[in-house]
Amino acid sequence: MTKLLEWLLGVSFVGIAWGLVTFDLLDLQLPSVCKEVAWPIPVYLLVVFGCYSLATVGYRVATFNDCEDAAKELQAQIKEAKEDLKQKGLKM
Amino acid sequence: MEATGADQVVGLGLVAFSLMLFTYYTIWVIVLPFVDTDHVIHMYFLPREYSVILPGVAALFLLLCVGTFIGVVTWKNRRSKKLD
Numbered sequence: 001m002t003k004l005l006e007w008l009l010g011v012s013f014v015g016i017a018w019g020l021v022t023f024d025l026l027d028l029q030l031p032s033v034c035k036e037v038a039w040p041i042p043v044y045l046l047v048v049f050g051c052y053s054l055a056t057v058g059y060r061v062a063t064f065n066d067c068e069d070a071a072k073e074l075q076a077q078i079k080e081a082k083e084d085l086k087q088k089g090l091k092m
Numbered sequence: 001m002e003a004t005g006a007d008q009v010v011g012l013g014l015v016a017f018s019l020m021l022f023t024y025y026t027i028w029v030i031v032l033p034f035v036d037t038d039h040v041i042h043m044y045f046l047p048r049e050y051s052v053i054l055p056g057v058a059a060l061f062l063l064l065c066v067g068t069f070i071g072v073v074t075w076k077n078r079r080s081k082k083l084d
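Here the protein sequences line up with chains A and B, keeping their order.
Per full-length UniProt numbering, the first sequence runs over residues 1 to 92.
Per full-length UniProt numbering, the second sequence runs over residues 1 to 84.
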């Protein structure tokens with residue numbers, strides 16, 4: 001199952017549950033408090049996602065750093081690749 | 001290079017702002033329907049329909065900003081290519 005299908009399945013599941021509760025499609029006779037909480041849920045999920053994104057960006061801004069080990073590793077790999085290519089006859 | 005003091009202030013400010021927004025909005029949308037309508041806590045929140053209207057207005061405003069930005073950038077690009 002691809003990631004897209006997974007997400008579509010999840011979203012449609014939540015959407016169906018939301019529709020069932022909000023429009024009372026199954027005639028469950030839910031208390032009115034349930035409906036009151038249920039109808040703004042899509043907007044609420046959107047706002048929560050926005051808050052999470054903002055917090056992630058803020059946290060990364062507060063703690064960003066140089067990756068010196070990764071830089072060394074990458075430079076070593078570049079050197080290795082250059083030597084390998086030279087052996088195979090590439091002029092640099 | 002590490003994050004400077006200003007970076008930390010801005011970043012933690014963003015985290016604090018989002019946490020506050022999350023708490024306030026959660027109380028507004030999820031908790032308030034379970035509280036009696038004549039309770040004092042209702043004084044600190046707008047009527048319920050605004051919990052959808054305000055995010056909607058904010059989303060429209062953000063989309064407008066993004067659209068304007070993209071429009072301005074593409075327009076400038078096109079103009080500078082003509083000058084070349």
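To be clear, the hints were calculated from the coordinates, so they are not data collected in a lab.
A virtual CB, placed ideally from N, CA and C, is assigned to each residue, including glycine.
Heads up, a few of these hints could be off.
[As the list claims (entries may be wrong)] Derived list of chain B stretches under chain A, where covered just means 3 residues or more per stretch with a C-beta under 8 Å from a C-beta of chain A:
#1 37-44
#2 48-61
[Unchecked claim] Looking from chain A toward chain B, a few residues come up when the C-beta cut is under 7 Å (computed):
#3 9
#4 11
#5 40
#6 62
[As the list claims (entries may be wrong)] Using 25 Å as the maximum straight-line C-alpha spacing, the simulated SDA-like pairs for lysine to any residue come out as follows:
#7 A/35 x B/5
#8 A/79 x A/89
#9 A/35 x B/70
#10 A/35 x B/46
Now the hints, each set against the structure:
Check on the segment 37-44 of chain B: 0 of its residues sit with their Cβ under 8 Å from a Cβ of chain A, so the three-residue criterion for coverage is violated. Given a C-beta distance limit of less than 8 Å, the hint that chain A covers the segment 48-61 of chain B holds, as 6 residues qualify and 3 suffice. At a threshold of 7 Å, the smallest CB-CB gap from residue 9 of chain A to chain B is about 25 Å, leaving the interface hint violated. For residue 11 of chain A, the shortest C-beta to C-beta distance to chain B is roughly 18 Å, which exceeds 7 Å, and the interface hint is violated.
Satisfaction of the interface hint for residue 40 of chain A is found here, the shortest Cβ-Cβ separation to chain B being roughly 5 Å, below the 7 Å cut-off. With its C-beta approaching chain B no nearer than about 3 Å, residue 62 of chain A sits inside the 7 Å limit, and its interface hint holds. Distance restraint check for residue 35 of chain A and residue 5 of chain B: the Cα-Cα separation of roughly 47 Å exceeds the 25 Å cut-off, and the hinted pair is therefore not satisfied. Of the supplied pair hints, the one linking residue 79 of chain A and residue 89 of chain A holds, its CA atoms being roughly 16 Å apart against a limit of 25 Å.
Between the alpha carbons of residue 35 of chain A and residue 70 of chain B the distance comes to roughly 40 Å, so the proposed pair goes past 25 Å and is violated. As the CA atoms of residue 35 of chain A and residue 46 of chain B are separated by approximately 19 Å, the hinted pair is consistent with the 25 Å bound.
Violated hints for the displayed structure, listed by number in ascending order: 1, 3, 4, 7, 9.
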